[in-house]
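Asker: Please construct the entire structure, taking both the sequences and the accompanying hints into account.
So the protein lines, in turn, are chains Y and E.
Per the UniProt record's numbering: the first sequence = residues 1 to 344.
Per the UniProt record's numbering: the second sequence = residues 1 to 330.
Derived by calculation from the structure, the hints in this document are not laboratory data.
We put the beta carbon where it would ideally sit given N, CA and C, even for glycine.
Wrong hints could be hidden among the right ones.
[To be verified] Computed footprint of chain Y on chain E, listed as stretches where at least three residues anywhere in the stretch have a Cβ under 8 Å from a Cβ of chain Y:
# : stretch
1 : 86 to 97
2 : 179 to 187
3 : 231 to 242
4 : 249 to 256
5 : 292 to 305
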Amino acid sequence: MPEQAEPILEVRGLVKHFPLTRGIVFKKKIGAVKAVDGVDFDLGSGETLGIVGESGCGKSTVAKLLMNLERPTEGVIRYKGEDITRLSGRALKAVRRNIQMVFQDPYTSLNPRMTVGDIIGEPYEIHPEAAPKGDRRRRVQELLDVVGLNPEYINRYPHQFSGGQRQRIGIARGLALRPEIIVADEPVSALDVSVQAQVVNLLDRLQSEFHLSYVFIAHDLSIVRHISDRVGVMYLGRIVETGTDEQIYEHPTHPYTQALLSAAPVPDPDAREQRERILLAGDVPSPANPPSGCRFRTRCWKAQRRCEVEVPLLAVPESFADGPRAHPSACHFAEERHVVPDGA
Amino acid sequence: MLLDVRDLHVEFRTRDGVAKAVNGVTYSVDAGETLAVLGESGSGKSVTAQAIMGILDIPPGRITGGEILFQGRDLLQLKEDERRKVRGAEMAMIFQDALSSLNPVLSVGDQLGEMFIVHRGMSRKDARAKAVELMDRVRIPAAKERVGQYPHQFSGGMRQRIMIAMALALEPALIIADEPTTALDVTVQAQVMDLLAELQQEYHMGLILITHDLGVVADVADRIAVMYAGRIVETAPVHDIYKAPAHPYTRGLLDSIPRLDQKGQELYAIKGLPPNLMAIPPGCAFHPRCPRAQDICRTDEPPLFRVEGPGEDGERRSACHFWRETLRDA
Numbered sequence: 001m002p003e004q005a006e007p008i009l010e011v012r013g014l015v016k017h018f019p020l021t022r023g024i025v026f027k028k029k030i031g032a033v034k035a036v037d038g039v040d041f042d043l044g045s046g047e048t049l050g051i052v053g054e055s056g057c058g059k060s061t062v063a064k065l066l067m068n069l070e071r072p073t074e075g076v077i078r079y080k081g082e083d084i085t086r087l088s089g090r091a092l093k094a095v096r097r098n099i100q101m102v103f104q105d106p107y108t109s110l111n112p113r114m115t116v117g118d119i120i121g122e123p124y125e126i127h128p129e130a131a132p133k134g135d136r137r138r139r140v141q142e143l144l145d146v147v148g149l150n151p152e153y154i155n156r157y158p159h160q161f162s163g164g165q166r167q168r169i170g171i172a173r174g175l176a177l178r179p180e181i182i183v184a185d186e187p188v189s190a191l192d193v194s195v196q197a198q199v200v201n202l203l204d205r206l207q208s209e210f211h212l213s214y215v216f217i218a219h220d221l222s223i224v225r226h227i228s229d230r231v232g233v234m235y236l237g238r239i240v241e242t243g244t245d246e247q248i249y250e251h252p253t254h255p256y257t258q259a260l261l262s263a264a265p266v267p268d269p270d271a272r273e274q275r276e277r278i279l280l281a282g283d284v285p286s287p288a289n290p291p292s293g294c295r296f297r298t299r300c301w302k303a304q305r306r307c308e309v310e311v312p313l314l315a316v317p318e319s320f321a322d323g324p325r326a327h328p329s330a331c332h333f334a335e336e337r338h339v340v341p342d343g344a
Numbered sequence: 001m002l003l004d005v006r007d008l009h010v011e012f013r014t015r016d017g018v019a020k021a022v023n024g025v026t027y028s029v030d031a032g033e034t035l036a037v038l039g040e041s042g043s044g045k046s047v048t049a050q051a052i053m054g055i056l057d058i059p060p061g062r063i064t065g066g067e068i069l070f071q072g073r074d075l076l077q078l079k080e081d082e083r084r085k086v087r088g089a090e091m092a093m094i095f096q097d098a099l100s101s102l103n104p105v106l107s108v109g110d111q112l113g114e115m116f117i118v119h120r121g122m123s124r125k126d127a128r129a130k131a132v133e134l135m136d137r138v139r140i141p142a143a144k145e146r147v148g149q150y151p152h153q154f155s156g157g158m159r160q161r162i163m164i165a166m167a168l169a170l171e172p173a174l175i176i177a178d179e180p181t182t183a184l185d186v187t188v189q190a191q192v193m194d195l196l197a198e199l200q201q202e203y204h205m206g207l208i209l210i211t212h213d214l215g216v217v218a219d220v221a222d223r224i225a226v227m228y229a230g231r232i233v234e235t236a237p238v239h240d241i242y243k244a245p246a247h248p249y250t251r252g253l254l255d256s257i258p259r260l261d262q263k264g265q266e267l268y269a270i271k272g273l274p275p276n277l278m279a280i281p282p283g284c285a286f287h288p289r290c291p292r293a294q295d296i297c298r299t300d301e302p303p304l305f306r307v308e309g310p311g312e313d314g315e316r317r318s319a320c321h322f323w324r325e326t327l328r329d330a
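Answerer: What follows is the structure in structure tokens.
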């Protein structure tokens, strides 16, 4: 993607803490789950930003915040320069039209009692200005066609479709209002391998057809690389490394990114012997009580005293001169390491 | 041969008709060998495993033909009480979802110990000591302190370790792992797979790894059996299949996964959908989705042809009329 003059979405200092309470009548706050704890990123127009991370890293909370389904504790989300986190009423509704979501589970995100036509057309009920009443059926059929389903299926129910087809229905619903941004939270992880490819290709095609910007959230590193222009790696509520797909996959500098990439299963038995695997010890700490300093230090093989006391900033490491490889990494000891074997 | 499944057929009677889940599956596993059974949802890979373990829901399920020879005995001829002695003691299973496979109201120590009390007639105290030993084996830190804890107090990776410990408890000759790491995060998945492979070597067990993940398979398997619509479509040593698949379905699967080391163009996608098991297409079940399909594919069901050609030691088979052409173009 060429550099855009102004990003369509700017996220600055995004924080979401969920309070932990004790007691039923007199709720006392005893702490907070720090699901998202200081996230910054930009999304350019027509660009795909991939966000990868393991469960509990806060990637889905970021999605909810972008959709305005949750209010952030702190921070701003600017859509075309306007902060959308404090909006309400009509102004919020107008913004929502332009940011739509595709969910992970095509089985639970479609109402089983509604026909496909009603599901895809429901956004028009909420935003009647988007399509005049008489025109809706035609619009829905068009959408079905766009996502590769037979327009005659308009009166069928979700259970009459396979997982991949249901995900297409979810995508059609996301497209109904002609949004500029689509937030997709694990859109293909529930699908079979052969169907995954179909849906990924569809998302690719729709992006160029409708000039969409994607925030693509997933745990599968290969799919994220395939679809993203830029990638952010999240760990315990923070972005630890961000860059173009090439910078992240070929020149990772954060130990967590390196471990994640080296652990990804590679469909090549010959790579078994030649690849070096970084096996991390232990589990991800609780976001209610994250480690001081660098949050990854409890599992990091490079951790030193400094990591305990000083929070590493997400910045381009000094060891990188301004080159094509230079990209921000939140590690005191950031160092490039090649971990993805060739042919992987 | 440790396990020899021959021409197994399983069907399910439902209100809407008969679903043919397994249609003549033949595969075998040696001691110390890892066989990966690869397939998408509905391919029959898990149903075959359930039939081997003897945990198939009958009815609605029904085994309509075939043999399951385990250490020379046909398991399908055994009485239920004999079968029960085999299950757990001589073959064990690891499931995908450890949280729902473990009993939430019993401590993990009790659940691990139960194996020894039921099968070995040990006292509670000895069984508890054995449980701690097992938790140590699967590298659960502070096993002694944690043996009295309940499943919800463990993380996903730790719970899967407990499942592995439970499967290993009586040192079975065969372990069937059904998507053992699918529910786990990437970094934890690597830990668990490594542990499983290491323990398998140590105990010289046969391992059937059921999965849909071509990456996991490449990492650990010796041999692969690819299933589609309740049949084996290709079986081969692991290196051969990745280098040159001899069945268009295998080829399609390999081509459709995005790569970590490059940003591809459009992904190859197998067109269409997996078949409805109540109406499996005649001839080769894959023909409606196959780029190579000819008239013969629509009428004649291909047997498992022996694939000749350069490759590793070990038999290679493909259920495609055009395996030669597929292999040549690979």
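Asker: Run every hint past the structure and note whether it holds.
Answerer: Evaluation of the provided hints:
1. 86 to 97: Violated, because only 0 residues of the stretch 86 to 97 of chain E bring their Cβ atoms closer than 8 Å to Cβ atoms of chain Y.
2. 179 to 187: Holds: 3 residues of the stretch 179 to 187 of chain E have a Cβ under 8 Å from chain Y.
3. 231 to 242: As far as the stretch 231 to 242 of chain E goes, the hint holds, because 3 residues have Cβ atoms under 8 Å from chain Y.
4. 249 to 256: holds (count 4)
5. 292 to 305: Our answer is that it is violated, as 0 residues pass the Cβ test (under 8 Å) against chain Y, missing three.
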